[in-house]
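Taken in sequence, the protein lines are chains A and B. The first sequence stops at residue 349 when you use the working numbering, and every number in between is there. The second sequence stops at residue 163 when you use the working numbering, and every number in between is there.
Since the hints were made in silico from the structure, they are not lab data. Honestly, I wouldn't trust all of these hints.
Unchecked claim - Derived contacts from chain B toward chain A, CB cut-off under 7 Å, selection only:
no.: 1; residue: Ile-27
no.: 2; residue: Val-62
no.: 3; residue: Asn-83
no.: 4; residue: Gly-84
no.: 5; residue: Ala-86
no.: 6; residue: Ser-128
no.: 7; residue: Ile-135
To be verified - Pair ranges (Cβ atoms, derived):
no.: 8; chain 1: B; residue 1: Ser-120; chain 2: A; residue 2: Asp-188; range: 10 to 20 Å
no.: 9; chain 1: B; residue 1: Asn-136; chain 2: A; residue 2: Gly-172; range: 47 to 57 Å
no.: 10; chain 1: A; residue 1: Glu-142; chain 2: B; residue 2: Ala-56; range: 48 to 58 Å
no.: 11; chain 1: A; residue 1: Gly-160; chain 2: B; residue 2: Lys-163; range: 52 to 62 Å
no.: 12; chain 1: B; residue 1: Lys-158; chain 2: A; residue 2: Asp-83; range: 37 to 47 Å
Stated by the list, open to error - To spell it out: a stretch of chain B is covered by chain A in this simulated footprint if at least three of its residues, at any positions, have a beta carbon under 8 Å from a beta carbon of chain A; those stretches are:
no.: 13; stretch: 67-77
no.: 14; stretch: 115-124
Quantities reported herein were computed from a predicted structural model and do not represent experimental measurements. All C-beta atoms in this analysis are idealised placements derived from N, C-alpha and C, irrespective of residue type, glycine included.
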Amino acid sequence: MKTVKVGLGTCGISAGGEKVYKAFQDELKENPNAFVLKETGCIGMCYSEVLIEIKNGSDESVFYSEVTPDRVGEIVEKAILSDDTIEEWLAVKPDNKQNFIDNQTRIVLRNCGIIDPGSIDEYIERGGYEGAKKALTTMTSEDVIDDVIKSGLKGRGGGGFPTGVKWNFTRGAKGDKKYIICNADEGDPGAFMDRSILEGDPNAVLEGMIIAGYAIGSDAAYIYCRAEYPKAIARLRQAIAQAKKKNFLGDNIFGTNFTFNIKIKEGAGALVCGEETALIASIEGKRGMPKFRPPFPAISGLWEKPTNINNVETFANVPWIILNGGDAYAAYGTEDSKGTKVFAMAGKV
Amino acid sequence: MSQQQSDNFKPFNVDLWKYDGQEGALIPLLQSAQDTYGYISEKAIDYISHITGIPAADIYGVVTFYAQFRTKPLGKYVVKVCNGTACHVNGAKPIGDTITDELNIDYDETSDDGKFSLLSVACIGCCSLAPVILINDETYGRLTSPKLRKILRQYKRKVKEEK
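My request is simple: use the sequences and hints to build the entire structure.
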């Protein structure tokens with residue numbers, strides 16, 4: 001049986017993805033066993049939304065771009081019920097050797113546009129939470145930090161500070177209570193990398209945060225997400241609820257004595273709150289005014305406790321690094337900047 | 001007059017805001033107050049001050065700091081024009097002008113019948129579809145003036161039918 005996946009990130013939705021999804025649902029009502037319908041996050045070709053993927057029984061896929069509800073009937077008839085392809089509607093033409101997707105190495109976006117972001121089980125099927133399990137059950141917190149340092153991962157929010165070194169500061173800071181914050185206040189013009197990750201693979205961010213919490217010795221975390229990303233916030237809430245049910249969050253995670261909880265704080269529309277000290281003030285319920293550093297958040301952050309802040313994409317790298325080793329990650333990238341980087345392109349591409 | 005514009009301030013349930021005395025609750029409290037009433041009234045500030053013990057002046061300071069909070073009621077349909085860089089370059093200005101022309105309101109204004117408000121917002125994160133507007137939670141992208149007029153007229157028809 002064929003599977004149809006409709007890209008329902010904000011990019012897909014604003015191009016009319018929900019209407020296309022509904023049109024497929026209507027087709028299913030008439031012919032309930034014709035195909036399996038799923039939704040997924042951003043597939044990565046936002047310029048050609050609404051994108052759909054049709055996967056046959058032997059895992060071969062074709063993508064159709066700029067799908068509209070009135071094209072759905074023909075797609076079902078030709079491309080699903082029979083084995084034709086409608087060449088003129090294909091997203092990637094067969095003669096196009098420079099396939100946009102195939103030339104990418106996807107670490108952060110390993111699941112984006114592939115899994116249903118609303119299903120933790122699909123994330124687990126693709127190796128999800130294996131990184132956290134490995135860290136918590138077979139590694140010490142020093143091992144985890146060593147591996148992250150070895151990977152060469154630098155903060156993906158723009159500061160470019162080595163992530164493992166930052167973790168080590170907070171780990172070494174004095175304090176009985178420590179916090180982890182995920183900065184999801186992405187506000188740079190034209191940038192939507194973090195939104196794509198949060199909407200397409202929220203569990204990857206949560207898993208990265210759990211590993212960071214274990215490495216640093218923190219049991220409480222906040223995700224500070226801008227209120228302009230309602231879909232991302234909804235996805236995160238859903239993912240947190242499912243992770244709690246599976247006991248990836250809460251007490252005694254993976255049977256260890258490690259406790260970790262994540263809360264979401266919605267931003268209130270102030271660009272400056274992407275700056276870490278302003279962000280902390282905002283979580284505390286104050287005006288988002290930046291403060292002088294030092295003291296750095298690693299020493300005195302949220303409610304004057306040691307606090308480690310990383311960006312969404314930084315956290316999303318971590319499970320892969322732990323699972324595959326720091327060296328494997330460092331094999332990508334340049335001499336000074338290891339690993340992969342997600343880019344968002346907009347305008348006249 | 002819409003419910004959001006009503007001056008009759010009903011004392012509301014604290015549970016509604018899920019306030020349990022924890023630190024840092026002010027912004028979530030203000031967000032849910034605004035979700036409920038559409039804006040933050042003076043009475044809402046007094047009430048929050050009363051239950052949290054935070055001075056009203058401090059709360060006012062927080063309200064005016066964040067772009068999300070409004071101290072005036074909004075129309076039933078809120079048109080947000082993205083003025084992020086990608087939309088700006090792709091013609092957010094003529095889009096705003098078209099709305100002003102069609103709905104007879106400027107930025108930060110609400111129409112006399114209380115049905116439409118026009119706001120300018122920073123990047124809403126779907127630059128690939130620039131220029132983009134939001135009408136309540138519905139996104140409209142790749143806009144041109146004629147396409148936009150068509151959309152706005154649909155909303156105007158809806159308003160007429162509601163009457």
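Right, here's what the structure says about each hint:
1. Given hint, B:Ile-27 at the interface with chain A, holds; its Cβ is 5 Å from that chain's nearest Cβ, closer than 7 Å.
2. A cut of 7 Å between beta carbons decides the hint on B:Val-62: the least distance to chain A is about 6 Å, and the hint holds.
3. The beta carbon of B:Asn-83 is not positioned within 7 Å of any beta carbon in chain A (closest approach about 10 Å), and the interface hint is therefore violated.
4. At a threshold of 7 Å, the smallest CB-CB gap from B:Gly-84 to chain A is about 5 Å, leaving the interface hint in force.
5. Proximity of B:Ala-86 to chain A holds as hinted, the smallest CB-CB distance being about 5 Å (cut-off 7 Å).
6. Because the closest C-beta pair between B:Ser-128 and chain A is about 4 Å apart, less than 7 Å, the hint holds.
7. Because the smallest distance between the Cβ of B:Ile-135 and any Cβ of chain A comes to about 12 Å, over 7 Å, the interface hint for this residue is violated.
8. Taken as a hint, the range 10 to 20 Å holds for the pair B:Ser-120 and A:Asp-188, whose Cβ atoms sit roughly 18 Å apart.
9. A beta carbon spacing of about 49 Å between B:Asn-136 and A:Gly-172 agrees with the range 47 to 57 Å that was offered as a hint.
10. The supplied range of 48 to 58 Å is met by A:Glu-142 and B:Ala-56, whose beta-carbon atoms lie about 49 Å from each other.
11. Against the hinted window of 52 to 62 Å, the Cβ-Cβ separation of A:Gly-160 and B:Lys-163 comes to about 57 Å, which satisfies the hint.
12. Judged by the Cβ atoms, the range 37 to 47 Å given for B:Lys-158 and A:Asp-83 holds: they are separated by roughly 44 Å.
13. For a cut-off of 8 Å, the count of residues in the stretch 67-77 of chain B with a CB near a CB of chain A stands at 3, and the three-residue condition holds.
14. Coverage of the stretch 115-124 of chain B by chain A holds [criterion: at least 3 residues with CB-CB distance below 8 Å; count 4].
The structure is inconsistent with the numbered hints 3, 7, although it conforms to all the rest.
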